[in-house]
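A.B. asks: These protein sequence lines are chains R and F, in that order. Sequential numbering of the first sequence, starting at 1, is according to this note's numbering. Sequential numbering of the second sequence, starting at 1, is according to this note's numbering.
No lab work stands behind these hints, which were simulated from the structure alone. All values derive from a computational prediction rather than experimental measurement. Cβ atoms here follow ideal geometry from the backbone N, Cα and C, with glycine treated the same way. Fair warning: there could be bad hints in the mix.
Stated by the list, open to error - Listed next, the in silico DSBU-like pairs over lysine-lysine satisfying Cα-Cα at most 30 Å (straight line):
1. F/142 x F/257
2. R/324 x F/316
3. F/353 x R/292
4. R/76 x F/276
5. R/395 x R/375
6. F/142 x F/233
As the list claims (entries may be wrong) - Listed next, the stretches of chain F that the computed footprint assigns to chain R, with coverage defined by at least 3 CB atoms under 8 Å from CB atoms of chain R:
7. 28-38
8. 161-175
9. 293-301
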Amino acid sequence: MMRKAREIVALILAGGQGTRLGILTEKIAKPAVPFGGKYRIIDFTLSNTVNSGIYIVGVLTQYRPHVLSKHIGIGKPWDLDRKDGGIVILPPYQGNKESDWYKGTANAVFQNVEFVDQYDPEYVVILSGDHVYAMDYNDIIDFHISKDADGTIACMEVPLEEAHRFGIMVTEIDGRIVEFQEKPTEPKSNLASLGIYVFNWRFLRDILIEDDNDPYSTHDFGKDIIPKIVKGDLGRIYAFRFEGYWKDVGTIQSYWESNLELTRPLPPLNLYDPNWKFYTQTEEMPPAFISKDAVVENSLVSEGCDIEGKVYDSVVFQGVRIGKEAVVRNSVIMTRSIIGEGSVIENAIVAENVTIGKSVVIGEGEFLASELDPKVYNSAITVVGMDSIIPDNVKIGKNVVIGLDVKPEDFEKEIVPSGGYVLHRG
Amino acid sequence: MRVLGLILAGGRGEKLGVLVEKRASAAMPIFGKYRAIDFTLSNMVNSGIVKVGVLTQYNPRSLMDHLGSGKEWDLDRKNGGLFILQPYVSPEGNLWYRGTADAIYQNMTLLRRGEEDFVLIGSGDHIYKIDFTDVFRFHIQKGADITLVVKDLDDSYDLTQYGIVELDESDRIISVEEKPEKPKTKTAFLGVYFVNKYLLMDLLYSFVPYGGVDLLLDIVIPNLKKLKIYAYKFNGYWRNIKKGVGEYYKTNMDILKSEIREELFYRNGKVYTKLKDLPPPKFSGTASVENSLISDGAIITGSVRNSVIFRGVKVKAGAVVENSIVMEGTVVEEGAVVYNAVIDKNSVVREEKKVIGENEILVFEKRTVI
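Here chain R stands alone, though its shape is the one from the complex (with noise of 0.2 Å):
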């Protein structure tokens, strides 16, 4: 495959906050989630982008977008600081008649039809920035070119049980799309999309701009566009079958069970592949160390680790230290965390820059339903928001929530049962 340089666009879609992560998008966007012990989640599709040879990219940002924007600055580590093109960050801005967030997925491209204008390109790549995989895009734009489609869909069959969660599409042999349902409780197939989109951008560019003019309209891609388009047959919609490894990470349990799932041998998303890298804007750090007394098994230790305790089957990102005789096991413990000697943690997520003090537990006894949000907090897992402090000797169930910024003071008890939550007060 070969390209002239203004060919493709692609738009990443930022903005969502990722409601069912809880504490974990309290300060930020879901893309900006930490993952696999030196990521955000929107490192995969930057550096699909980049690996697949696409530099001019646009991020649609919404939800708290600071903590996003930093990491991605002018686009260095991905090579996307560029002369021609290289990364743009399209807020919701003010124009002339009105000031508007984006009303939709659609409408936030719809509203950055200029940007796209301007390079006049052939195809635009419409992608997530929510999602964790590993995808050559030009697999899908020259499938996209070989059936002369208007539109294509990246898909990938799920579990019959699990297609109420996606856009669900029913396909004729040759993977032209027939019919589309957005969230289906009677689901009529088992492809589901994944929310990555080729169109040819003059094609789009119309249909975008009628859906803006459509009051019914939530100006959103899988309920409004893409079922607008195959319903009253405007454009030739195709389904992309992809049978890579994809993950939406969007439930605590998902989230904690991918990252998990890099410790064990030959996990199915390789970040070990020297021929597809993943690029991510870090802190320059010294290696880990381990120490003489420590135990390391099945897990993931990142560069500024110190540590002197045991860690079994856990992700632990960049400048964690865990101190003399303390045990982590099937956790996720985020950037600059520290937990104190003799504590015991296990089934959490413990985010960044928190301090565990010594002898805490966290994860002990029986699961009981969170009494703070059990539609996001329905696992075993404990998490700890960032910056929180939990003080010496603390003891925390299972499926308890220590929300951010929480301060020795907030602990009423030493208890905290399973299902249970603090918050900070002020």
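Position chain F against the provided structure of chain R, taking the given hints into account.
C.D. replies: Just chain F now, with coordinates in the frame of chain R:
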């Protein structure tokens, strides 16, 4: 104040044997992810120097590749930045650098054109962390013409291998003896000069054309009486890896001590190095790691003890690495044993092979298959 940084990185460091077959000693890999020059370069940048010339000569390829545009040190600048100064051919002749003074003399343009008032000269193969602004302050307070950075060495150093200085009570240098048989003091010169730029230019113009090609021997020592040359005492960790494989090995092992890690990695700013975009190191279920430094991209399935493991190294199941330094991309295959060894980049220790240094450190060059 503006200071021009110059790093002498042209030496081979013969005593490092096969390790410097294909690289200058300033490019020696160290501590899992760095090269020796990262320390002096980071010290300069952390002290606010934004223009640095690196003088290269002996096999500079890996050094050049490492430094690139100076991006990692924030030296990719429109004003100032990184200058690689290699010997060159000109109508006047084709001259290799004949010594440290000659090397700077041949790059006089950099001194002449800049707006700097001072020049800080360091060496690319010294491992230490220092705040050079302290040296600058000392230099100004003493009203010195030249300040040399010195250190009182303990018994772990062979004093006959260093430049030994003698000071008066005001820290002015009375004598310097290069590698003396009978050292008068335990104070050694660390190869760092802080000097007023125009004075340096005058000295170079006066001495180099008449054969004074070495900065210390031909320029500093003969002028100890005429010029005010002072010694700034540095008390931190400092090692010159060029002194030999033993010194190089010992320096690497020192990083396993927490107080030295703290000083070298976290005090006086960070140490910057070339980025490699590798994932975090992975420890499998059968891994056993003790008292070791493990770098990004490494996959440990076997056992590692008292060792420094570089980026992308694989220690496979049943393999044992102990008291060793294993450089980037090397694979220790199943059941192999590595003990008391330095294995250079991209080597392979085949299954079940034993590499055991009994009373000495075994050294293997790049791409060795054992």
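A.B. asks: If a hint holds in the structure, say so; if it doesn't, say that too.
C.D. replies: Here's how the hints hold up against the structure:
no. : hint          : verdict
1   : F/142 x F/257 : 36 Å, violated
2   : R/324 x F/316 : 27 Å, holds
3   : F/353 x R/292 : 26 Å, holds
4   : R/76 x F/276  : 13 Å, holds
5   : R/395 x R/375 : 24 Å, holds
6   : F/142 x F/233 : 13 Å, holds
7   : 28-38         : holds (count 3)
8   : 161-175       : violated (count 0)
9   : 293-301       : holds (count 6)
Checked against the numbered hints listed earlier, the structure breaks hints 1 and 8; every other hint is satisfied.
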